[in-house]
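Q: Sequence:
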Amino acid sequence: MHRNKRTVTSLSIALSLASALPLVSMQSQNAFANSSASSPSVTSATYGTATGAPAPTIAPTGTTTGTTTTSPSSGGSSSSTGTSPSSPGGSGSTLTSPSSTLTPPSSGTSVITSTPSTPVNPVTGAPILSGSQGNPSANGLSSSTGAAPLVNFAHVGSVSWTSNGPADAQFQKLEKRYDAKLLGNPHWHGFLNQEGRTITVNLYYLHTINGLSIQMEQDPKAGIFYPSHVDFEVNLYGKWYMLGSVPTKIPQSASGNSTQWFAVQTHNLQASEFRIVFPVTNWVFTRNLGIWGSDFSVPTSQSLPNLPQVPKPFTQMMSIFDPRSAGIRNMMLAYSGSYGQMGTWTTKDFLPVTSYLLQNGQIGGRLFDTVLFLPYTLAQNQQAWLSYLNNLFAKNEQLSALNQAMVKTDQGMNKFGYNPYPKEKVVIALPYPSYHSGAWGLLGGQILSFTPTPSDPGSVANRLTAIQWYLNTFLAKWKQAGFSNLSLTGFYLNDETVHYTFPGEVNLIQGTSQMVQKAGYPLFWIPFYDAGGIEDWQSLGINAAWIQPNYAIQGKAAPAGRVANTVQLAKDNGMGVELELPTAALTSPLYRNLYLSSLQQFQQAGAAGSVSHAMYAGSKVLTQAAYSTNPAVRALYDQTYAFLANQSNGAQVN
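My numbering applies: residue 425 is where the sequence shown begins, and numbers increase by one.
Don't read these hints as lab results, they were simulated from the structure.
One thing to keep in mind: the hints can contain errors.
What the hints assert, rightly or not - List of simulated lysine to any residue pairs, SDA-like, C-alpha gap at most 25 Å: (1) K849 x G788; (2) K832 x T771; (3) K832 x G788; (4) K673 x S696; (5) K847 x L910; (6) K849 x Q835; (7) K980 x A1056; (8) K995 x Q740; (9) K903 x Q740; (10) K847 x S1021; (11) K942 x K980; (12) K663 x Y628; (13) K980 x S1021; (14) K942 x N784.
Whole structure, please, built from the sequences with the hints as guidance.
A: Shown next, in the form of structure tokens:
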């Protein structure tokens, strides 16, 4: 991705009611218009006809919740009918439940791809008879010959769900098109973005449970994808335990429509409260929720030591004292390598970055302790990568200029008793080798291509080979340069989202992390707001991450609750936060005040002080503000320093 464009759209493959829309990648200045914040609330789910297709996604702004309670005497059956999208261009057709016989899952999930008439229980393989699921004498379920019949106890309890990230009113509105009941219904319930969902089933009384299951659909043309995994949890004695984490058996990159069961068996476990948790990127369609068991079964004692307790979520943003941050307090993003002078950094350009430059030209303090070098854009070939590398090491520019700026910063900081001041940290972006981008270059006398092969459908091996070449080449040049005032601190994953729908994406990121850490460095990441992978970044091998708010860059469309939601996402996922100063702030009072407002909101939300920060400032925008003779523009620089020094007064300028 090209960070100068601030790509902030989710990986949306969304449909209008008439036709499919292609994958969209907008500039963030114009993306996510008309989003608005909403406070967490509980809303009753309305079950009725679902028509049409998923609409284009809109940026998240506020925890979405829903709930439905089935009376024990009602039998839990549902007579609602409806349609869901069956083809990109169609108006939808009635979806029926699968009748393919399923064998009991031995490893956590069973897969089917046909959709005839009668649903089956994925735990037992027995049919679920329409309208009788809540009736133990008529559901026909049994775990084995002669065993007690299994009942879906979810029908006699309450089912509720919450988003795992901040709620978004626009997403909630779109979800109402696909709000079919989660159990006892042949139609799909759709969840849209907002990080993930936690479905909680409360049975109120202890029941003997043999398995949990839920069915999901994938239709890439309609923007509907399986989650990467589904976690099943149980509440025992007031603590939550993991029953199992079930990965998808059908890749998210697979084409065509399919359905899949995610399920775990529990062997006569007595409990009354369960959770099903999964990430949501774009749409996730679910139905046929089941908590299967029989009170005629003899309960067995589940061994608690063998059940892993559910890990506690993060509760705080990443601080400068957290080892993951590698000591990074404030990291400036420096785009380089193209666009003439805008992409060429000199010592003069870096001086107001490494130090707080007073209007009289004197150094008044330290500012950014870290600089992240990254390209505006980079062609998918070896020569382009090498040209960018050579540009990084150009004489009196880029890295060399930063090294010289630190000499002057050290001299200026002497009066404050620092001699010498710690070296400036440097982070280097690694090129993202695009899937299916063809021939890249020549290595070892052989042409290296990113085109998939039958043995490597994600072309992961060749793409990792190219990254390894880049890493080795950079490290050799870095050692040769011998910068006396710079310290290489880590490398950056130069993409703002995890493309789970791309073949080999997870393996590519994990492989990149392994090679970077083998070289002795951490891997960093700065995803856009509500990007894919925000919940999973640590499992991907990323060492530290900062989240983009995508707020001030939207101008009039800036969502009111976005900054607060960004802070909440950072807390929930143990991330630092990014400040974003749009280029338009140099000329527009609107953008200036939005930026200053974001600083004030971050301050009030506790995201100043010891929180680790990254900063996007277009093409040298902060440097231009530092040297500006316009007081309103200069205030952008002064207030940035005040915020980072934890002295912000929240002033506004015109």
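Q: All hints, please: hold or fail.
A: These are the hints, each one checked on the structure:
1. K849 x G788: Given pair K849, G788 holds - Cα atoms ~20 Å apart, limit 25 Å.
2. K832 x T771: 9 Å, holds
3. K832 x G788: Since the Cα atoms of K832 and G788 sit roughly 12 Å apart, the hinted pair holds (cutoff 25 Å).
4. K673 x S696: Roughly 29 Å separates the two Cα atoms, so the pair is violated.
5. K847 x L910: 5 Å, holds
6. K849 x Q835: 18 Å, holds
7. K980 x A1056: With a Cα-Cα distance of about 19 Å, the restraint between K980 and A1056 holds, given a limit of 25 Å.
8. K995 x Q740: 4 Å, holds
9. K903 x Q740: Distance ~37 Å between K903 and Q740 Cα, so the pair is violated.
10. K847 x S1021: 32 Å, violated
11. K942 x K980: 46 Å, violated
12. K663 x Y628: 16 Å, holds
13. K980 x S1021: Answer holds: K980 to S1021 is near 13 Å, not above 25 Å.
14. K942 x N784: Violated. K942 to N784 sits at ~46 Å, over the 25 Å cutoff.
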